[in-house]
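**Q** Residue strings, one per chain:
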Amino acid sequence: MLNRTALEALTRHPLPFLASAWPWRGAAYLAASAVPGVAAGLAVAAAASGTLVSPALGVVAGLAALALACLLIAPYERLRLRLVDVVPVPGAPHRRWREAGLAVMTLLVLWWIDLIMLAFTIGGPLVLALSPVLQGELAPIVGVASTVAGLLLLPVAAYTITAWAGARGAMARAILAPAQSELTEVLRSRARLVDAFEMERRRIERDLHDGAQQRLVSLSMSLGIAGLDLPEGSEAARLIRLAHDEAKQALAELRELIRGVHSQVLTDRGLAAAVQDVAGRSPVPVDVDVDVPGRLPAPVEVTAYYVVSEALANLAKHSGATRGAVTGRIERGTLVVEVRDDGVGGADPGRGTGLTGLADRLAVVEGRLSLSSPPGGPTRLRAEIPC
Amino acid sequence: MRVVIAEDAVLLREGLAGLLERFGHTVVASVGDAPALVEAVAEHRPEAVVTDVRMPPGFADEGLRAAVELRARDPELAVLVLSQYVEQTYAAELLESGGGAGVGYLLKDRIGDVREFVDALDRVAGGGTVVDPEVVRQLLRRRRDPLTRLTPREQQVLGLIAEGRTNASIARELYVTEAAVAKHIANIFTKLDLPPAADGHRRVLAVLAYLRG
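Listed in order, the protein sequences are those of chains A and B. All letters in the first sequence, in the order written, are residues 1 to 387 by the UniProt record's numbering. All letters in the second sequence, in the order written, are residues 1 to 213 by the UniProt record's numbering.
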C-alpha cells in the first residue's frame, strides 16, 4: 500500500510501520519546530533590546522581527510539511492571511507544543530505560523492569509522535491549501472528461442522424415506390418487400441506437420531457412526476437524465416490479430525483458496475446517490444534484 | 393538392417531392430550413406543409416550431410533421395548435410505406388528425388515470382513432362491425368526460386528452 501521509502510514500493520521511516520523519518534523522557536526567541530579544533604548523602539523592533519571521515561517512550513506529507501543497494565491495566521500560531504556540511533545514521548521511555544507570540506588529487579518498560514504550512513542506530526501536518496543509482548492482540480478534470465524452456522443448522434438514418429513409422510400410498380405476387415484388422490411427493421434499430447515444429531446425540451420519453419506452409502466422550473444547467440535466435512464433500465431488467415511479423536484437549490419501484429489492452497489457508475457520474457534478433496497423490496434510488 | 416540403437532407427532399408528384400532388416549393419554410408558405399559400422536425440553422426542433407558428397564423393550413423520434411533447404541442384538426405527426420511417404515407397526408389535408402509432403505443404503455378506466379493446380503438382512422377502417382492422366500433367510441368519450356537444372534434379531443397527460 502506498502511504502518502504520516496519518495514512499509521493504518499499516505495526511491524512494517515501525520499520518504516515514518516515525523518524515525524520526529524530524516536530524537531524542526526548534527553528520557529529560535525565531520567536529572537523577536522577543529584539523587542527587549529595543526597550533598553526606548519602549516605542522596543515595540517597533519586536513587530519588525515578528513580521520578518512571519514572512519566512510559511515557506518553511510548506517545506517541512514534505516530511509528513509527500503530496506537494499546490501553490495558491490569495493565501497571505492564512499563511500569516499559521505563522503567528507557529511562533506563539505550536513550536513549543511540538518540542514538549517530542521531549516527553521520547524522554519518558528513555529515562525509564536508562533508570539503572541514572538511579544507581534502585533494586536490580526494579531497574530491569523499568528498562524493559521503557523499551516497550518506545514503539508507543513512535505511534504518538507520528500521530501528532501527522495531525499537525494535516492542519498546516488545511490552512495552507484548503481541501477545496485541491479537489476542484481533480473534479474539474473529471468534468472536462465527461464534457468531452458528452460532446463526442452528440457528434456521433449527429453523424448517424444526418448520414445513415437519412439514407435508410431514402432507401426505404425508394423500395416502397419500386414496390408500387411491380405486379402483385411476382418474385420481384416479394424480394422488394423483403428488402423493404429489412430496411424498416434497420431504421427502427438505428433509431433505438441513436437514442441510447444521445437524447435530442433532452437537448430540445429539457429534463421533464426527456424523462417522460424514456419512461414511455419502459416495458414496466412508470408514473412520471417531474416538476422543475424551466431549464436547468446542461450538466445537471444530462446527469439527472443519465441517472433516470440507468435506473429505469435496471428496474426493467432486475427488479421484477409491476410499476415504477419517477419524481423530480427542486428542493433548496438542489435537484432531487427519485426512482422507485415495487419490485423484489436487493439491489447491491457492490455487485456490478451500474450503481457505482451512477455514483461516479454524480460525483462529477458534486451530486450524491442514495439507495434503499432491502431484500423483498421496495427499491428507492435518490439522486441529489446541486444546481 | 399544393404542397410545400421542408427537409434539409437533399436526397430525401427530392425523393419526397417525386413521391408526392407521383400521387398527383403539386410540390410548389421544397426548402431546406425553417425560415425558408415560413417564407415559402407566405409566398405560395399551399394547402399542406410536410416538414422535418430537426432542421437548420440550429438542428434542434426548428421545423416543429415553424409548423406551430404557421398554424397559429393560419389554422386552416394542414401540417404533417416528420420526426426521427417518437416524442409526445412534440406531438402534443403540434396537436394543440389550431385545435388539432389538420395536423399529423409521423415517424420518418413511415415514408417508406408510400401509400399509407400519402393517405395520411390526405387525411391531414382533409382536416383529420394523424398521430404515429408508435406515439400512441408509448402513451398506452404509461398508465395514467383516464387510461386505466378504458378496457384493452377501448384502448386499441383509441389508438386507431389517434392514427386518424375512420370507423369503417377501425372495424376492418379489428374484425368487428362498425356498430361495435361506434359503441366503443361512445364509451371512450364517456369515460374521458367528453360531452356530446363537442361532437365534431371529439375524436381529436380524445387523442389530445392523452397527449396532454
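I should point out that these hints are in silico values taken from the structure, not numbers from a laboratory. Don't take each hint at face value.
[Stated by the list, open to error] Away from chain A, derived, C-beta distances all over 12 Å, residues of chain B:
hint, residue
1, V10
2, R13
3, G99
4, V135
5, R153
6, A168
7, S169
[Unchecked claim] No more than 20 Å apart at the CA atoms, straight line, and that leaves these computed lysine to any residue pairs for SDA-like:
hint, chain 1, residue 1, chain 2, residue 2
8, A, K248, B, G99
9, A, K317, A, R380
10, A, K248, B, G32
11, A, K248, A, S222
The beta-carbon is built from N, C-alpha and C at its ideal position, and this holds for glycine as well.
**Q** Each hint should be assessed against the structure and marked as holding or not.
**A** Hints, one by one, checked against the model:
no.	hint	in the structure
1	V10	violated (9 Å)
2	R13	violated (10 Å)
3	G99	holds (22 Å)
4	V135	violated (9 Å)
5	R153	holds (19 Å)
6	A168	holds (23 Å)
7	S169	holds (20 Å)
8	K248/A - G99/B	violated (32 Å)
9	K317/A - R380/A	holds (16 Å)
10	K248/A - G32/B	violated (25 Å)
11	K248/A - S222/A	holds (12 Å)
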